[in-house]
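Chains as they are written, first to last, in our numbering: chain D, 1 to 116; chain Y, 117 to 230.
Hints should not be assumed to be uniformly reliable.
[To be verified] In silico DSS-like cross-links for lysine-lysine, where the CA-CA straight-line distance does not exceed 30 Å: (1) Y:Lys129 with Y:Lys142; (2) D:Lys108 with Y:Lys142; (3) Y:Lys142 with D:Lys58; (4) D:Lys58 with D:Lys69.
If you are wondering where the hints come from, they were derived from the structure by calculation, not from laboratory data.
Predicted, not measured: the structure shown is a model, and the values here were computed from it.
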Amino acid sequence: AQSVTQLGSHVSVSEGALVLLRCNYSSSVPPYLFWYVQYPNQGLQLLLKYTTGATLVKGINGFEAEFKKSETSFHLTKPSAHMSDAAEYFCAVSDSSGGSNYKLTFGKGTLLTVNP
Amino acid sequence: DAGVTQSPTHLIKTRGQQVTLRCSPKSGHDTVSWYQQALGQGPQFIFQYYEEEERQRGNFPDRFSGHQFPNYSSELNVNALLLGDSALYLCASSLRDRGFVEQFFGPGTRLTVL
Numbered sequence: 001a002q003s004v005t006q007l008g009s010h011v012s013v014s015e016g017a018l019v020l021l022r023c024n025y026s027s028s029v030p031p032y033l034f035w036y037v038q039y040p041n042q043g044l045q046l047l048l049k050y051t052t053g054a055t056l057v058k059g060i061n062g063f064e065a066e067f068k069k070s071e072t073s074f075h076l077t078k079p080s081a082h083m084s085d086a087a088e089y090f091c092a093v094s095d096s097s098g099g100s101n102y103k104l105t106f107g108k109g110t111l112l113t114v115n116p
Numbered sequence: 117d118a119g120v121t122q123s124p125t126h127l128i129k130t131r132g133q134q135v136t137l138r139c140s141p142k143s144g145h146d147t148v149s150w151y152q153q154a155l156g157q158g159p160q161f162i163f164q165y166y167e168e169e170e171r172q173r174g175n176f177p178d179r180f181s182g183h184q185f186p187n188y189s190s191e192l193n194v195n196a197l198l199l200g201d202s203a204l205y206l207c208a209s210s211l212r213d214r215g216f217v218e219q220f221f222g223p224g225t226r227l228t229v230l
């Protein structure tokens, strides 16, 4: 079984400060890893993903994440927070062995607040 | 491209009733997955449909059932509604192929059970 733990249900940063959202996963097979963002009253939008290859992945809106197998982590970072980054962020894992036949297992989410 | 669409946007039902939610996948996609997102929680996988058959199922009771039509659209049915079924129901579509494929999510249907 797979699982995701997001450390910190609420993170608050100042505009222009570093954003760091933590995600640890558990998987018995090589994982696919994802970060999604959800704005109020909207669905999920994919920020970035790791499948294979380079462990540092870049996504939209200046976000990036690094896959660290030894630490079973996939933390999300952004060098400088913008007010528009305020949203809920979800880390998710899927089983790569199923190929395209995969389901996503999500963490409980981290609410990011950006203060002016 | 309209993306993934879901209807209705909001729905209010009472305990014991039945509800049907609808999803139209992104153009060209043939696989539909359904997720339940309770308040303050991450989405949980309900089931996935491909070629009009349920292919995978999460840990949800038989009260939750679905259907996929020849045009790839899908319905989620929930019978004997419980208060705990109140949630945002998300539909995601993808194209089945070898290797990784991205799932695209719709805006969701918010179900309130009174």
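Of the hints stated earlier, which fail here?
The structure conflicts with no hint, since it agrees with every one listed earlier.
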